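Please build the complete structure, drawing on both the sequences and the hints.
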Amino acid sequence: GSAQKNKRNTSRSRNDRSQTRIKKVPKTAAVTITAREGISYAEILRQAREKISLPTMGIDSSKIRKGINGGLIIEISGEENTAKAANLVARLKEVLPDRDKIRIAQPTTMADLKISGLDDSVTMQEVVEIIASMDTCNPDNIKAGDIRWMPNGLGNIWVRCPVSTANKVAATGKFKVGWTIARVEILPSRPLQCYRCWNYGHVRYSCTSAVDRSSHCYRCGSSTHRINNCKAPTPHCIICEEKGNKA
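Taking UniProt numbering, the leading residue of the sequence shown gets 1, the next gets one more, and so forth.
The hints are simulated quantities; they were obtained by calculation from the structure and are not laboratory data. Since the model is a prediction, treat every value here as computed from it, not as a measurement. Fair warning: there could be bad hints in the mix.
Derived lysine-lysine pairs resembling DSS-like cross-links, with alpha carbons at most 27 Å apart [unchecked claim]:
id : residue 1 : residue 2
1  : K176      : K24
2  : K143      : K174
3  : K93       : K27
4  : K231      : K243
5  : K143      : K24
6  : K114      : K231
7  : K101      : K51
8  : K63       : K24
9  : K168      : K24
10 : K93       : K63
11 : K246      : K114
12 : K27       : K63
13 : K51       : K63
14 : K231      : K143
15 : K63       : K114
16 : K66       : K101
17 : K114      : K93
18 : K168      : K114
19 : K114      : K176
20 : K24       : K231
21 : K168      : K27
22 : K63       : K101
23 : K27       : K114
24 : K93       : K66
25 : K143      : K27
26 : K66       : K27
27 : K143      : K93
28 : K51       : K66
29 : K143      : K168
30 : K101      : K24
31 : K101      : K114
32 : K176      : K143
33 : K24       : K66
34 : K114      : K51
The following block contains the structure:
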């Protein structure tokens, strides 16, 4: 009856919460190569292969695929793959010309955290340093927003950090900051969104929309300012408005 239904719903909600607490850590490390329009990726790879020996660098298992932005992704598996990827990034930067036209990076899979229950004395930098110390993570790899104060006088803050760090922090469920205990929650992954037209399911590289909203405020939709200077009293979604939904 209703009791069994409620029990199933409770069990389902617990499972949903547990799934959002743990994010999958990638088994491979990646190196990305992104070039400006007009530059041949085939030529970039040819030059890299002529000047770099992957086996000499200890990289025995790798594969290449295209990214959603059209760039190249070199995936490295095996032991110490993160360190090997970092070495490959450094080597590619040495041997490839046109450094102002080619971007080489080692992306890290990130996860979003919501930290709540902060008191007035806590700063954003303090939260970042505590999270970094919980996984020996470089604070430079952690991004955080401003602390937003709730009606109860306590603050919430959004934090983005490497997924391995997020898992360790969220596993505790809470941590001490200042004289209080802050609560931790891993947020669901954000859907893929184009920052040109703002619609979901694709990125700027593959956008075919005639509409360009890249200069609009992401919070209120105005074309007169960007989100950093937004003073609108409430958020307003122009995508929802165009679809006839509540904005």
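For each hint, the structure was consulted:
Taken as a hint, the K176 and K24 pair is honoured in the structure, with Cα atoms around 26 Å apart against an allowance of 27 Å. For the given pair, K143 sits about 19 Å from K174 by alpha-carbon distance, which is consistent with the 27 Å threshold. Our distance criterion of 27 Å between C-alpha atoms is met by K93 and K27, whose separation comes to about 24 Å. Our distance criterion of 27 Å between C-alpha atoms is met by K231 and K243, whose separation comes to about 25 Å.
Annotation: proposed proximity of K143 to K24 holds, straight-line Cα distance about 20 Å (limit 27 Å). Using a Cα cut-off of 27 Å, the hinted pair K114 and K231 holds, with the two alpha carbons roughly 24 Å apart. The suggested pairing of K101 with K51 holds, with an alpha-carbon distance near 19 Å, which does not exceed 27 Å. Of the supplied pair hints, the one linking K63 and K24 holds, its CA atoms being roughly 20 Å apart against a limit of 27 Å.
About 12 Å separates the Cα atoms of K168 and K24, which keeps this hinted pair within 27 Å; it holds. For the hint pairing K93 with K63, the CA-to-CA distance comes to about 19 Å; that is within 27 Å, so the pair holds. Simply put, K246 and K114 have alpha-carbon atoms about 26 Å apart, close enough for the 27 Å limit, and the pair holds. A C-alpha spacing of about 13 Å is found between K27 and K63, which places the hinted pair at or below 27 Å, so the restraint holds.
For the hint linking K51 to K63, the alpha-carbon distance of about 18 Å falls within 27 Å, and the restraint holds. Between the alpha carbons of K231 and K143 the distance comes to roughly 23 Å, so the proposed pair stays at or under 27 Å and holds. With a C-alpha separation of about 35 Å, the suggested pair K63 and K114 falls outside the 27 Å cut-off, and the hint is violated. Taking the CA atoms of K66 and K101, the gap is about 18 Å. The hint holds against a cut of 27 Å.
With a C-alpha separation of about 36 Å, the suggested pairing of K114 with K93 is violated against the 27 Å cut-off. Of the supplied pair hints, the one linking K168 and K114 holds, its CA atoms being roughly 14 Å apart against a limit of 27 Å. Taken as a hint, the K114 and K176 pair is honoured in the structure, with Cα atoms around 15 Å apart against an allowance of 27 Å. Of the supplied pair hints, the one linking K24 and K231 is violated, its CA atoms being roughly 38 Å apart against a limit of 27 Å.
Pair hint K168 plus K27 holds up; C-alpha atoms about 17 Å apart against a cutoff of 27 Å. Proposed proximity of K63 and K101 is supported: the alpha carbons are some 24 Å apart, at most 27 Å. Of the supplied pair hints, the one linking K27 and K114 holds, its CA atoms being roughly 25 Å apart against a limit of 27 Å. Note on K93 and K66: the hinted pairing holds, with a Cα-Cα distance of about 20 Å set against a maximum of 27 Å.
Restraint check for K143 and K27: the C-alpha separation of about 23 Å stays at or below 27 Å, so the hint holds. Taking the CA atoms of K66 and K27, the gap is near 18 Å; set against the 27 Å cutoff, the hint holds. About 25 Å separates the Cα atoms of K143 and K93, which keeps this hinted pair within 27 Å; it holds. Of the pairs offered as hints, the one joining K51 and K66 holds, with about 22 Å between alpha carbons and a cut-off of 27 Å not exceeded.
With a C-alpha separation of about 17 Å, the suggested pair K143 and K168 falls inside the 27 Å cut-off, and the hint holds. Simply put, K101 and K24 have alpha-carbon atoms about 33 Å apart, too far for the 27 Å limit, and the pair is violated. For a cut-off of 27 Å, the pair hint linking K101 to K114 is broken: about 37 Å separates their Cα positions. For the proposed pair K176 and K143, the alpha carbon gap of about 19 Å is at most 27 Å, so the pair holds.
For the suggested pair K24 and K66, the alpha carbons sit about 22 Å apart, so the restraint of at most 27 Å is met. Annotation: proposed proximity of K114 to K51 is violated, straight-line Cα distance about 45 Å (limit 27 Å).
Of the numbered hints given earlier, the model fails hints 15, 17, 20, 30, 31 and 34; all others are met.
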